[in-house]
Amino acid sequence: MNNILHIAWLIPFLPLVGFLVNGLGRNQLSKSISGIIGSGTILASFLLSVYVFLSVKDGNTHVAHYFDFINTGALKIGFDFQVDQLSSLFLLIITGVGFLIHVYSTSYMHDETPNNFAKYFAYLNLFVFSMLLLVLGGNYVIMFIGWEGVGLCSYLLIGFWFKNDNYNSAAKKAFVMNRIGDLGFLLAVFWLITKLGTTDYHTVFQNVSQLTSFDITCITLLLFVGATGKSAQIPLYTWLPDAMAGPTPVSALIHAATMVTAGIYMIARSNILFTMAPTTQTVIAIIGLATAILAATIALKQNDIKKVLAYSTVSQLGYMFLGLGVGAYTGAVFHVMTHAFFKALLFLGAGSVIHALHGEQDMRKMGGLKKYMSITHITFLLGCIAIAGIPPFSGFFSKDEILAAAFSSNPVLWVIGVLGAVMTAFYMFRLYTMTFLGNFRGTDEQQHHLHESPGAITFPLIILAVLAVIGGLIGIPEVFMHGGHRLEAFLEPIFRESKKIQGTHHLSHSTEYFLMAASVVGASIAIIFAWKNYKDYRYSTEENTGIARVLENKWYVDEIYSSVIVQPVRALGGFFTNVVERGIIDGIVNGVGRAVNYGSRQIRLLQSGQVGTYVLLMVFGILILFVIQLFL
Amino acid sequence: MPVYYYIFLSATLFTIGVIGVLVRRSAIIVFMCIELMLNAANLLLVAFSKMHSQAIGATHPTAATDAQIFVFFSMVVAAAEVSVGLAIIVLMYRNVHSVDVNFLNRLKN
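If you read the sequences in order, they're chains A and B.
Sequential numbering from 1 applies to the first sequence in the working numbering.
Sequential numbering from 1 applies to the second sequence in the working numbering.
Simulated from the structure, these hints should not be mistaken for lab results.
Each residue gets a CB set at the ideal place from its N, CA and C atoms; glycine is no exception.
Partner residues aside, some chain B positions facing chain A, computed with beta carbon under 10 angstroms:
1. Val-21
2. Val-23
3. Arg-24
4. Val-101
Simulated restraints on C-beta separations:
5. B:Met-75 - A:Ile-622: 21 to 29 angstroms
6. B:Thr-12 - A:Ile-585: 54 to 62 angstroms
7. A:Thr-613 - B:Thr-12: 22 to 30 angstroms
Bound-form chain A, shown alone (with noise of 0.2 angstroms):
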């Protein structure tokens, strides 16, 4: 049982180590040696993991404590790593798919000088690391070390190519965005420290009766900021898109296995105090559903693959939340790992594509792929159907968990979600037919180089396939199979507590199936749909219209927090530098300066050098002194 104990802390440590080793040798290694070590790390960390994972599966939970972290006397924190159902779960996504990841990139980035090559393995390497630790860490202060690591890697990640200037802008937006986010959740933790003088997770939950309700509410919805942040939720999602800018397969990483689940991971870290805290249940569930058609709609009209699947990311987050929100914390644990498969696999399906036509990203310029590209195309084909929600695909028991959590919390949210989820089918399978189907429309030099990608781009997407094709089998539902749920019986410790307040209430049988049945036919309609509008597209210049072009636009978003929040700044600022700075403060500055020189001239007028002035002051000093002396 100290087993454990010994080897978990070496699950975050490897990834370090690499990062040290790739950052710090990166003038001297060759491409294939960082390559390998970037790869090897993590795979000896999933190996690690497993190990873990089957002996938490025995039942084996710890906290482990290797230092004290913060120790003032009053105030303890421990550098701990907490070793359970859920975090378990978390490190064998985070360093599998992690680990394909890197394999992918190795054929990706290949392009690169060894130098930005082994750079690029480093900031990988980190960004594994952060996600580890903020998933291992036994108290939120260790979290959030991890919380802030994976926002500084993502900046990095995302203005890889820094010398693109709107690369460099998308990078600073992603870690602003996630700044606000992170104020939400360090006032959290302030919060729960002065309150209960401690952040370790089983203390905290332990002794959650001894908060009031407003404390609970307020206390989650700062912990739900900051799950905005990280895990792009309205309002701060625009970065996720906008990371684009990245290289495809950190993309895949931010998207899949790291970065975005951290919110939903704290979440469901936190799940009692939420539980207790029934209003900021219903916010984040009004939040999740609201960015989940919200993105869905972008993500109809966008023309550019990777924006596509950037919303779809989004969307599919907020399905998480909503799950989250109505209290199916298992439902979104699995749709993390769910769509960490499928999501993995359709970025690096894109990434693939994107590289056989050396950089083209706009899918109006793409078309009849599927004749060039079969693993490829096979492999996002079986993605597209895992996200849509066909059953048996992994996407439809996840989602179809969350949706009829959804429906017994109340049946409008589910209207909505169901509508998300036949638009999700739409927009999926539109990229999918204007991709992979009709004839190829791009130049003719393009076709002529089109190709399938190397073995170390394919077997990734093999691995992921597979796993988004049979990786909802771990969770059917009761009606189909008694004891089927495995996940939820896995991960049942941890949600013990919330289920207890919550209790459960069953769906009948008839209606589950009806759910199903109608989200089923609704995104088959919508697969239909898009396959027959746009199995024939041909490129045209035509500019959208009305609701279109406002889809296109994203509903204006962008320019809507430019002009009432990044404008008005601006302006604060030029108010500031221009006035405050300039006038008052430099006024000053500079003004004590004058006056001590034009004092200094007059007082200078005293030295005459005439011993008798001088003396005659002294006396005229003496006798003052002597007054107040006497007098006074």
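With the hints as your guide, set chain B onto chain A.
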């Protein structure tokens, strides 16, 4: 004689000295005025010493002599000072052919 006679005399001598230093320009006179102030202070020391010995002489045998010995010291120091001061004045006269203190205003600037 009451002690305040001595105090008035001493104060008068001191004031004459101060005014002399302030208004006279000849270095010799200024120097003499400084000596005047010094001796005004000495006079006061002797006068207070006498007063104290009458008041507490019975219990403090050294009260009568302490201040008077101190006066001797200050006279010796004054003698040394005079020799240095006069030497400076002689050198000053050799350099500028004058003993006017206002002539020496090069401390300015």
